[in-house]
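Here the protein sequences line up with chains Y and S, keeping their order. Under our numbering, the first residue of the first sequence carries the number 1, and numbering increases by one thereafter. Under our numbering, the first residue of the second sequence carries the number 1, and numbering increases by one thereafter.
Derived by calculation from the structure, the hints in this document are not laboratory data. Hints are not guaranteed to be accurate.
[Said to hold, decoys possible] Label-pair ranges, simulated between beta-carbon atoms: (1) S:325 to Y:77: 51 to 61 Å; (2) S:121 to Y:31: 51 to 61 Å; (3) S:106 to Y:67: 31 to 41 Å; (4) S:427 to Y:21: 16 to 26 Å; (5) Y:67 to S:325: 48 to 58 Å; (6) Y:23 to S:410: 19 to 29 Å; (7) Y:33 to S:383: 28 to 38 Å; (8) Y:67 to S:217: 51 to 61 Å.
[What the hints assert, rightly or not] To give a feel for the contact side, a few chain Y residues facing chain S, derived at Cβ under 10 Å: (9) 3; (10) 6; (11) 19; (12) 21; (13) 24; (14) 38; (15) 39; (16) 43; (17) 50; (18) 53; (19) 55.
[Unchecked claim] If you want the footprint, here are the derived chain S segments under chain Y, 3+ residues with CB under 8 Å: (20) 393-400; (21) 430-440.
Please read these numbers as outputs of a predicted model, since none were measured by experiment. For each residue, glycine too, the CB sits at the ideal point set by N, CA and C.
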Amino acid sequence: MSVRLRIISEMQRIAAEQQVTLPPLDDDLSLHETGFDSLGFAILVARLEDDLGIDPFTIAEDAAFPLTVGDFIRAYENVPA
Amino acid sequence: MSPREAFALRDYLGPELKGRTLSDARQVVSLTDILGETCLGGRLDELAGRSVLLAIEDQLISAVAMTEIDGVAWRMLLCPSDLNADHSQTLIEDADIDVVVTDHPARWKDAGVYLVVAARQPMRAAAKAKTRRTTEWLMLTSGTSGAPKIVSHTLEGLSGAIVADGPARGDRPVWATFYDIRRYGGLQIFLRAIIGGGSMVLSQPGEPIADHVARLQARGVTNISGTPSHWRKLLMSGAASGFSPRYVRLSGEIADQAVLDGLSRAFPAASIGHAYASTEAGVGFAVNDGLEGFPASLLGTGRDGVEMKVEDGSLRIRSRRTAHGYVGRHPAVLTDDDGFVDTGDMVELRGDRYHFVGRRGGIINIGGLKVHPEEIEAVINRHAEVRMSRARSRRSPITGGIVVADVILADGDASSRSDEIRARILADCRAQLASHKVPAMIRFVTSLDVTAAGKLARTDA
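Work out the full structure: start from the sequences and follow the hints.
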């Protein structure tokens with residue numbers, strides 16, 4: 001499964017757990033509009049770290065958090081394995 | 001009486017070192033002239049042999065008063081300006097206080113003490129005070145709940161690490177700290193300035209951080225200390241640019257790699273060290289290699305007489321710098337039978353370094369909210385499939401922390417149903433716990449550590 005698909009499916013799983021209705025996850029969708037709160041993103045980042053072995057927001061020098069779904073996915077895709 | 005038996009703060013101040021100053025946001029006083037001054041209105045003699053509570057809001061006046069009173073009073077209890085007034089009567093009783101020295105005398109007129117002495121701006125004294133005895137220095141622990149405990153030190157113990165380190169290299173240092181100097185971490189810096197022949201710039205409560213940094217720069221601060229939280233706040237403020245200290249010191253909290261790296265990027269010319277110290281255990285050690293934690297080789301007997309060991313996961317320290325004991329009507333016991341202070345700070349050996357993992361106290365912090373892990377475990381443990389669980393905090397770049405739970409299944413063969421069991425545990429937690437207490441993740445494990453005392457080992461706080 002590609003990194004993108006793993007992220008999307010984990011978001012869907014957390015949305016179900018948190019009883020959040022996700023809009024279509026287009027790259028341009030702002031993270032704010034996903035309906036996730038900070039705890040939702042904290043859970044997502046922690047689970048992706050376990051799944052993919054990386055946490056781009058802790059290891060980055062300038063830990064600016066992405067603004068859109070596309071930025072979020074790219075943060076994972078751009079981390080060297 | 002030999003000079004060594006009674007050596008006080010004033011004996012580190014002499015006319016030979018010119019140009020030393022002590023300053024806050026409002027004024028600058030000369031440390032060279034300070035011996036000829038009084039902020040007690042010339043009433044120092046009335047404090048001889050007394051037990052003195054130093055309740056002075058202004059740090060600068062407090063610093064001058066400490067210099068006057070040390071070597072004259074029997075003991076002096078230092079109170080930071082944030083002392084909760086509800087605790088003052090307990091402190092007076094516990095420390096047998098008979099004199100209160102304060103810049104707010106009206107607040108203390110009903111305190112029932114023998115004498116209330118007003119602390120004022122320093123002025124010329126009629127005569128220079130002389131050291132007569134070794135004064136006991138009493139300090140308050142920084143516990144978050146209940147009345148603080150009083151611990152007893154001597155100047156010799158408080159300055160042990162400073163004397164061991166020897167004089168600061170390079171030009172005479174100008175010290176600063178974000179701490180209040182009536183707290184252990186701040187007092188260490190004040191003493192470094194006094195004993196090491198330097199100057200000192202005090203913090204000022206309520207001062208905007210940019211103004212504070214501007215003052216640090218204007219006064220030429222070379223050496224500065226604070227907790228990792230102080231430093232993170234400074235780094236986030238953007239006010240650090242242009243400030244370039246030679247030495248940056250962290251203490252009082254766990255200094256993680258991120259804050260150490262952040263400081264070395266912000267202050268590329270500075271050497272950056274983190275020190276381990278507590279009001280009870282005194283100064284343990286300083287680490288200057290830029291890495292979090294400390295080398296395991298520091299355990300055992302150090303070169304300057306500090307012995308450290310790890311027992312039941314917590315750091316234990318024995319040295320001449322530890323407090324002499326708690327003071328009070330029913331004082332707790334400070335050391336074990338061998339003289340070691342249990343710091344309550346939990347450490348974990350990874351490779352050849354120990355890392356601090358938290359306080360034994362056990363409360364976990366989830367995005368600024370305090371969580372008792374037992375509360376979460378109680379919900380999880382209600383499931384028939386669960387034998388045991390442990391809730392803990394896991395670091396998160398988003399919220400600071402999230403709850404994760406380690407669960408041992410009663411039936412080891414249930415692993416094939418783990419997804420189903422996990423979903424049911426989570427559904428229960430969501431139904432019964434506030435959302436920040438719901439585990440973000442549940443991990444099935446085969447064992448959880450238990451201490452010799454039979455308690456679940458918690459290594460987070």
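Quick rundown of the hints versus the structure:
{"no.": "1", "hint": "S:325 to Y:77: 51 to 61 Å", "verdict": "holds (59 Å)"}
{"no.": "2", "hint": "S:121 to Y:31: 51 to 61 Å", "verdict": "holds (56 Å)"}
{"no.": "3", "hint": "S:106 to Y:67: 31 to 41 Å", "verdict": "violated (55 Å)"}
{"no.": "4", "hint": "S:427 to Y:21: 16 to 26 Å", "verdict": "holds (18 Å)"}
{"no.": "5", "hint": "Y:67 to S:325: 48 to 58 Å", "verdict": "holds (56 Å)"}
{"no.": "6", "hint": "Y:23 to S:410: 19 to 29 Å", "verdict": "violated (41 Å)"}
{"no.": "7", "hint": "Y:33 to S:383: 28 to 38 Å", "verdict": "holds (36 Å)"}
{"no.": "8", "hint": "Y:67 to S:217: 51 to 61 Å", "verdict": "violated (35 Å)"}
{"no.": "9", "hint": "3", "verdict": "violated (18 Å)"}
{"no.": "10", "hint": "6", "verdict": "violated (15 Å)"}
{"no.": "11", "hint": "19", "verdict": "holds (9 Å)"}
{"no.": "12", "hint": "21", "verdict": "violated (17 Å)"}
{"no.": "13", "hint": "24", "verdict": "violated (23 Å)"}
{"no.": "14", "hint": "38", "verdict": "holds (5 Å)"}
{"no.": "15", "hint": "39", "verdict": "holds (6 Å)"}
{"no.": "16", "hint": "43", "verdict": "holds (4 Å)"}
{"no.": "17", "hint": "50", "verdict": "holds (7 Å)"}
{"no.": "18", "hint": "53", "verdict": "violated (15 Å)"}
{"no.": "19", "hint": "55", "verdict": "holds (7 Å)"}
{"no.": "20", "hint": "393-400", "verdict": "holds (count 6)"}
{"no.": "21", "hint": "430-440", "verdict": "holds (count 4)"}
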